[in-house]
Amino acid sequence: MIEFDIGVDLFPLLAGTLAAITCGLLGNFLVLRRLSLMGDAISHSVLPGLVIAFLIASTRNPLVMFAGAAIAGVVTVVLVELVKRLGRVEPGAAMGVVFSVLFAFGVLLIEKAAARSVDLDADCVLHGQLETLFWIGAPERWVDLFSWSTLDAAPRQVVVLAIMCFLSVVFIAALFKELRIAAFDPAMATAQGFNPTLMHYVLMIFVASATVASFEAVGSILVIAMLVCPAATARLLTDRLRSQIVFSVIIAAATGILGYFAATAIPGLFDRGSVNAAGSMAMVAGFILSVAIVLAPRHGVVVRVWRRRRLGRSVAVDDLIAALYRAEERGMSGLSRAGIRNALVGRAADNALARVRRRGLVDEREHEIVLTPDGRRAAAALVRRHRLWERYLVDQAGLPVDHVHETAEELEHVDVTPAPAQGQGLDPHGRLIPDEDADLDGASAGHR
Amino acid sequence: MRPEHSADSPLSIHAMTVAYHRKPVLWDVDYDAKPNRLIAIVGPNGAGKSTMIKACLGLAPRASGQVEFWGESYRRARSRIGYVPQRESVDWDFPVSALDVVCMGRYRRIGWCRPVSRSHKEAGLECLERVGMRSLAGRQISQLSGGQQQRVFLARALAQEADLYFMDEPFAGVDAATERAIVDVLRELKSQGKTVIVVHHDLQTVPEYFDEVILLNMRVVASGSVNEVFTEENLHKTYGGRLTLLSEAAEAIARAAGGA
Amino acid sequence: MEFLSFFIPTIAANGHSHGGGSLTDVSDEWPTWSEIFETMALRAGHNTNTVILGTVMLGIAAGVVGVFALLRKRSLMTDALSHATLPGIALAFLVAAALGAEGRSLPVLLVGATLSGALGVVCIQAIIRFTRLREDAAIGIVLSVFFGAGIVGLSYIQANAASGAAGLNKFIYGQTAAMGRGDAILMACIAALAVVAALVLLKEFAIVCFNDAFAKVDGWPVSLIDLAMMSLVVVVTVAGLQAVGLILVVAMLIIPSVAARFWTDRLWLLVVLAALIGGASGYFGSVVSALLPRKPAGAVIVLTAGAIFAISLVFAPQRGALASLVRRVRLRIRFAGEHLLEFAYERGGAELSEADITSVARLRAWPFWMRPIVVRSILRRGQAVRSANALLLTDEGLERGARISRNHKLWEQYLTSYADIAPSHVDWSVDQVEHVLSDELIAELEAQLAARGIVVPAPTGERAAR
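Residue numbers (the numbering used here), protein chains in the order written: chain A, 544 to 991; chain B, 7 to 266; chain C, 24 to 489.
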């Protein structure tokens, strides 16, 4: 369905994906240090650095460009810090002032360069020129790619991005421990002899260089998207930094590939011309993030809602059998359906009933619901925990006796049971606390 | 045993449980304030003292329970309630003067869209006078010392002309002059028949400054007049050892409910 | 293939090329004085005037609204907001075109921009509320994803719509010169709206920005007031889109208020100053771009505002960097002088020889330039007079030295005997605190130390040394 023309698609795809991976990798530490917007600021303010480097050196040598960008990146960080300190300006506003002024300066410089017949296109800065990276005379077959001529044919951008990507991987792999501690606890890092400020600046230089490397291919917008989105997505998926970094790289790569094909292939399905690939990658990054927000295994919205509902269900089950147990204590053999509904006011009593019957915790005979032996054991364990909590709340927490029932009602569903006090077999209301023996089989009802 | 909830009580809390991200931090608070008292909320760090105030004022989410003021809902009683937040809760580099901040206590009286009139400024100045700050009325608030900032907050609450005051750690980190000024204001409020509930951290001064005390540690350990309640034994119960089991259970609830 | 090919110099149509040359090598045509005067006095023709008035109005509105964004600490939220307008513009164009209407009609596009900008803000709030991501990440996400969607939309229009996307690009970088009469009137209305809102709701905005919890307890509908402030930001952003473009409109919102903050501590004055700075930036920006070729107004406006900011940062009387530097140096010189007095007192004797001064200077690590200034400062304060040797302390100077010496001991005692409460103060180094202790604080220190049975003798008894 998707046509892949090596000549047209290979290098743009490669460039986009490499840029995505590089930025996604570095972005982890920005997101962690709450500096996401520093990426935004740097990618804007690198512009004047590039133009000045070009105007001074009159060369497009990548090293000169990188120097210009790295200097601009460091200047941005220093300026933001200066404005924050000297002017007591809050960090967000300080960043806003610095990057917007620098960007305006860049725009002006571009115009100036244009006046000198230098063709600078400000639009490219924003959304890149992936589409122009086609390969004339590309081989038809994949196997032919494995030759030196491929390397020769690779456009400068792709080579630069590959190098940048490699450097970033090396940087993060080599300094992982230092970066982690500098991000987590700068004071501790200082105490251990790492200089967190230095780490900060090195990181920012890398961000600035990654920005330049990615600039022409994908534009600054994708740089920002990739600095933030994959890392943020990975952060929703895992709690560990190491796996967060791995995830972010995978997500970044997937974003690059999916985004590229979404831009070229999907419009084609409707007989439309292809759209901007960098923008499409940013959209895909946002899409993956929103999927993660909804579906993430531990922090996702769906899981949380489901967990809450499950809790509600198991609470209803617990309450149902506990009500039957209490009825037995009062000398009744069971409860009618109406009695059950009374005990579970406001909740789906019939559902809960169906569930406990399925588990064999109750039987229904002659319009009366009664506990099975299993059910009785489970209910006894539950009521035991309830009454032990009541004792605890009265004896240890000092709450009034007529008050503890509601609180114990909530606590009985938790896997924490207070130890029974010596020689106290009664709850604060004078009712018997069921023995632990009743719980021998461990058939704790409902919960989990 | 259990306090009776009555309509002339300025604050009645009934079975209030407060949870952050579904993790209960305050269990089953039941309390009934007697009118015209100075009441201290005392307890160790993390016991939920500020949380209790915030939950009463609707600033923290209540998981269950009711709070009534003079037998009415918070919404209806709002005009009779004053509030002194923690000093650290605001940015003191804000471009306003001490008097401007105090006048914020009059805004409700002034109403929407109308500017602060001379008479309200006079009232604000008077409140500053009562905390001994009149001479600094025009000072930008970042130029004030910590104690002076605290007194500005106190003056703002006075400007609210409320009948029931909630004060969150007004004595925290203040100088001796400010402490005296606050105590004077508390006594004055009492003489005017008002009720003040203060989150307090200094046990030594409790009997001197307050009539009643609420000993708090995740739940109300004891409450009542200082003479009866502020005993060695109760303090030991409040400060000696946390209810680890209760904290554990709270964590478990938060986990099961899938808090953020 | 060259790296960064959009920087490739190309031979222009007129045939001459510039490979290198310095930055100052400008081929702009400079306007004559009379042209400059005419433009500045709004006599350069109807079109130019419209543009100038429009940008001034925009500057005023953005300045006023920006104050509240700054005080509510939402400066960068406006950045995300403005980027988030782009997909709305593209979508509005496509929808209007699909319905057979003129896609490029400004009101339609602005409605689209408003809606998607507002959606962006809602997304930021939702991300903060429902996930563990922080505000910075939320802003970055919304900004880049929405903008990416906008770019996709524009490129789609470019490739597929019959009329092309020409004209939509101007929302990114702005096209001030294209501002028409209707646009200028729109700007004026928005400026009026912003000013009136700030006038009427100043008090409500202030209480929410300063202390939202208090405002809530006091019965103000905090979310509603927040919404009003945010709506003003949205309106100004959208209005500024086509004038200065969505990247630079942020600067117009943020910079004037931040710059104005240096000059005043009064809220109403802050609003007025921000409006003035915004208006002035708009004025200069559009005048310069009208006079000089290839000076995009948006960039010049922002650079003007940036220059005003830089001046404020350095030269503002109270909060400026220079003022605080002067204050710090003065304080340091005073401390150094008092160290000299302290030295003399503790050694006993009112004479300070050159050697004494040298040893104090070495001990306290004075930089080379400080010594003469310090000496002059204690002479000027009347704490010492010149003598044959070097300096002779006056009574006043000796007394001051005694006090400093005692303060030092008091504070040291306090730090050591109250190790349990003092940690909150240890960052006040002994050497600084001794100079700034107020009488009240000293009394308190004495009382606290007395409570532990520590008495630091009063200095007067030791004056016999003289």
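I should point out that these hints are in silico values taken from the structure, not numbers from a laboratory. Any given hint could turn out to be false.
In silico PhoX-like cross-links for lysine-lysine, where the CA-CA straight-line distance does not exceed 25 Å [said to hold, decoys possible]:
#1 193/C - 96/C
#2 193/C - 655/A
#3 29/B - 96/C
#4 318/C - 627/A
Some residues of chain A that are not near chain B, with every Cβ distance over 12 Å (derived) [what the hints assert, rightly or not]:
#5 693
#6 706
#7 723
#8 743
#9 813
#10 850
#11 853
#12 859
#13 879
#14 932
#15 935
#16 951
#17 957
#18 958
#19 961
#20 976
For each residue, glycine too, the CB sits at the ideal point set by N, CA and C.
Okay, the hints, checked on the actual structure:
Of the pairs offered as hints, the one joining residue 193/C and residue 96/C is violated, with about 29 Å between alpha carbons and a cut-off of 25 Å exceeded. Distance hint between residue 193/C and residue 655/A is fulfilled; the C-alpha atoms sit about 19 Å from each other, no more than 25 Å. Of the supplied pair hints, the one linking residue 29/B and residue 96/C is violated, its CA atoms being roughly 29 Å apart against a limit of 25 Å. Pair hint residue 318/C plus residue 627/A does not hold up; C-alpha atoms about 30 Å apart against a cutoff of 25 Å.
The claim that residue 693/A is not at the interface with chain B holds, since no C-beta of that chain comes within 12 Å of its own (minimum 49 Å). With a minimum CB-CB distance of about 41 Å to chain B, residue 706/A clears the 12 Å threshold, and the non-interface call stands. Every beta carbon of chain B lies more than 12 Å from that of residue 723/A, the smallest distance being close to 23 Å; the non-interface claim holds. Non-interface status of residue 743/A relative to chain B is upheld: no Cβ of that chain comes within 12 Å, the nearest being about 25 Å off.
Distance to chain B confirms residue 813/A as a non-interface residue, since its nearest Cβ pair spans about 40 Å, more than 12 Å. Distance to chain B contradicts residue 850/A as a non-interface residue, since its nearest Cβ pair spans about 4 Å, not more than 12 Å. Non-interface call for residue 853/A relative to chain B: violated, since the shortest CB-CB distance, roughly 9 Å, does not exceed 12 Å. Its beta-carbon lying about 14 Å from the closest one in chain B, residue 859/A satisfies the requirement of being farther than 12 Å from that chain.
With a minimum CB-CB distance of about 29 Å to chain B, residue 879/A clears the 12 Å threshold, and the non-interface call stands. The claim that residue 932/A lies off the interface is violated: its Cβ sits roughly 8 Å from the closest Cβ of chain B, which falls inside the 12 Å cut-off. Chain B draws residue 935/A into its interface by the beta-carbon criterion, the shortest separation being 7 Å against a cut-off of 12 Å. With a closest Cβ-Cβ approach of about 10 Å to chain B, residue 951/A is found to fall inside the 12 Å limit, against its non-interface label.
The claim that residue 957/A is not at the interface with chain B is violated, since a C-beta of that chain comes within 12 Å of its own (minimum 4 Å). At roughly 6 Å, the least C-beta separation between residue 958/A and chain B is not larger than 12 Å, which violates its mark as non-interface. Consistency note on residue 961/A: stated as away from chain B, yet its beta-carbon is not over 12 Å from all of that chain's, at 6 Å minimum. Even its closest Cβ contact with chain B, about 16 Å, leaves residue 976/A beyond 12 Å, as expected for a residue assigned away from the interface.
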